Amino acid sequence: MIDFHDYKSYVLDNQDLIQFLRESKSIIYDRFEDVFQVLEFIEKRVEKYEKVEEEFEVIFEAGFAYLHEQMEELKSIINLYFKNDVAGLNKYASLINYYLYLSDLIETLTEKSLYSEDAKQAIANIYEEIETIFSEKKAFEQEIFNQFNLVVEEYAPVGTLSTQEIYGMIKEEIDVWE
Numbered sequence: 001m002i003d004f005h006d007y008k009s010y011v012l013d014n015q016d017l018i019q020f021l022r023e024s025k026s027i028i029y030d031r032f033e034d035v036f037q038v039l040e041f042i043e044k045r046v047e048k049y050e051k052v053e054e055e056f057e058v059i060f061e062a063g064f065a066y067l068h069e070q071m072e073e074l075k076s077i078i079n080l081y082f083k084n085d086v087a088g089l090n091k092y093a094s095l096i097n098y099y100l101y102l103s104d105l106i107e108t109l110t111e112k113s114l115y116s117e118d119a120k121q122a123i124a125n126i127y128e129e130i131e132t133i134f135s136e137k138k139a140f141e142q143e144i145f146n147q148f149n150l151v152v153e154e155y156a157p158v159g160t161l162s163t164q165e166i167y168g169m170i171k172e173e174i175d176v177w178e
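Here our numbering is used: position 7 in the sequence shown is 7, and no number is missing along the way.
Calculated from the structure, these hints are not laboratory results.
Any given hint might turn out to be false.
[Claimed, not checked] Below 27 Å or equal to it, Euclidean Cα-Cα: the simulated DSS-like pairs (lysine-lysine) are:
1. Lys48 to Lys8
2. Lys120 to Lys75
3. Lys112 to Lys25
4. Lys44 to Lys25
Note that the structure is predicted; figures quoted are calculated from it, not measured.
Let the hints inform the model, and build the full structure from the sequences given.
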């Protein structure tokens, strides 16, 4: 049985940040939106039927774990580089989003035993470049994402789905059920 207490408490504790990201239509919120919708769907299903299939329990637990990990990493980035100035992070939202994507990708590659020493070093170099931009408040061009993607594509086989992409697919399935 799913215990929603921790999830609800976590969302409540982080409501200001979540609300800011949603209201500012931040690309960062977009990475969480499908997960929120899937978890809310499962929550409503449990309320309606009191019990759900085991698959939904697994989806809920994995989604909440992903959400928690990504939100905590986001809060660390905000605290470290933006001195809790949440509004100031809009300028770097696309880079923050990519940083969080890398974190998710590492987990995916690790699960598939594809996170080699070379991959670790390549991703560490990207992290370092992003962190330098954050700490020095440097301007950056959108072309940087193409450069990063070329590196990432060497280690992430075509078809490697991030957690965000998987929850997007689950959300599409849920839309069919509703």
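Contradicted hints - numbers only
3
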